[in-house]
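Hints in hand, dock the two standalone chains.
Taken in sequence, the protein lines are chains A and B.
Under our numbering, the first residue of the first sequence is numbered 1, with each subsequent residue one higher.
Under our numbering, the first residue of the second sequence is numbered 1001, with each subsequent residue one higher.
Since the hints were derived computationally from the structure, they do not count as laboratory data.
Check before you lean on any hint, since a few could be wrong.
Stated by the list, open to error - Computed cross-link-like contacts, DSS-like style, restricted to lysine-lysine with a CA-CA straight-line distance of at most 25 Å:
hint	chain 1	residue 1	chain 2	residue 2
1	A	Lys52	A	Lys19
2	A	Lys71	A	Lys40
3	A	Lys44	B	Lys1049
4	A	Lys36	B	Lys1069
Bear in mind the structure is a predicted one, so any value in this text is a computation, not a measurement.
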Amino acid sequence: DTAVSQTPKYLVTQMGNDKSIKCEQNLGHDTMYWYKQDSKKFLKIMFSYNNKELIINETVPNRFSPKSPDKAHLNLHINSLELGDSAVYFCASSATSGGGSYNEQFFGPGTRLTVL
Amino acid sequence: AQSVTQLDSQVPVFEEAPVELRCNYSSSVSVYLFWYVQYPNQGLQLLLKYLSGSTLVKGINGFEAEFNKSQTSFHLRKPSVHISDTAEYFCAFSGTYKYIFGTGTRLKVLA
Chain A
1 DTAVSQTPKY
11 LVTQMGNDKS
21 IKCEQNLGHD
31 TMYWYKQDSK
41 KFLKIMFSYN
51 NKELIINETV
61 PNRFSPKSPD
71 KAHLNLHINS
81 LELGDSAVYF
91 CASSATSGGG
101 SYNEQFFGPG
111 TRLTVL
Chain B
1001 AQSVTQLDSQ
1011 VPVFEEAPVE
1021 LRCNYSSSVS
1031 VYLFWYVQYP
1041 NQGLQLLLKY
1051 LSGSTLVKGI
1061 NGFEAEFNKS
1071 QTSFHLRKPS
1081 VHISDTAEYF
1091 CAFSGTYKYI
1101 FGTGTRLKVL
1111 A
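Bound conformation, chain B alone (with noise of 0.2 Å):
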């Protein structure tokens, strides 16, 4: 079965410091993998999309994530994160006419 694991529904992280926030995939075929960030009381918008080509992907914010199919990973980073980034985040991948979301992870950014 396809799914999406988040293996931390929480963060805490100080600002100006590093993030990573972790998702692993389980698909039989090939998949298409996005990261959504939600803000509180707002809809999800998209942070960045990996289809095809490099295995490095950059998004809005200063996020970039790393598809790594050997690991099936999907790990989104920021060098430095912001107080402005304290938000809900979605890994997902799509299948047809569906995408499956994982359960989100919280980051706290600290001051």
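Only chain A is shown next, with the shape it has when bound in the complex (with noise of 0.2 Å):
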């Protein structure tokens, strides 16, 4: 069973367009997450939820909406797809008790965006 998984893995597309990566967790974790990671491997986050609501907003620009149905999964859509949106996005969850982030995240396998 896989803890943490995003779809899709692989996304190429052109400037402009809107895309949307879906993640889900089944660890019964109350807070999660998305990360950008840049070419250089550098590790940005860009937003947080704590059961289902945004904590956590990393000055993204506002063409990256994020939306938590439920607590189970964070959707992550941007649109008009600009060159450097190009990295590998990551999703994680972990489980928090009051803010304190004593747990470890748990990541999933991310999904390279390529926008051309």
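The structure is reproduced here in structure tokens:
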């Protein structure tokens, strides 16, 4: 059983298009995250959701819109894709207690987005 | 500001040699520290974590790390590496509803 799954694994699209990435976790965690990893492997948090509520938005352009229909899902929709959006996007989840992140994060396999 | 610094972007080492990957953090509050490993084309997985207690933490695959509060460091070590340890290694610490990652160290084990 996959703990954190993402679809699709690869996404190739043209500039200006709109695309979505889906994430699901079956670990019963209450917090989910989106990270962007650039070509130099730098990992930067984009969003953090706790119990379906947005907690952290790390100055991400509003072309990126996360949606959490329930605690097990956190999807990422991207409008008007730009060349600079090309990266690997990771979803992750963890169990938190009052905001304290004592527990490890579990990561999905990543979605490699290429914008042409 | 809270931050994590990984001092080496790449570390080449011969198989069966020991290795140390360095990590320093900056935080004015108590921290919870983690090391993650990322194998090629995969997500990150936890190697080990320090929450409290003993400053020497043992993890999976023979890795260990030592928390040093006075030097604000959390260096990762392995006494004898294998080819299969070739990967990207990330140091991280946790804040409120987020984790702050270092820039990663690429460990390349040479035959």
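Results of checking the hints against the structure:
About 21 Å separates the Cα atoms of A:Lys52 and A:Lys19, which keeps this hinted pair within 25 Å; it holds. Of the supplied pair hints, the one linking A:Lys71 and A:Lys40 is violated, its CA atoms being roughly 31 Å apart against a limit of 25 Å. Restraint check for A:Lys44 and B:Lys1049: the C-alpha separation of about 20 Å stays at or below 25 Å, so the hint holds. Distance hint between A:Lys36 and B:Lys1069 is unfulfilled; the C-alpha atoms sit about 30 Å from each other, more than 25 Å.
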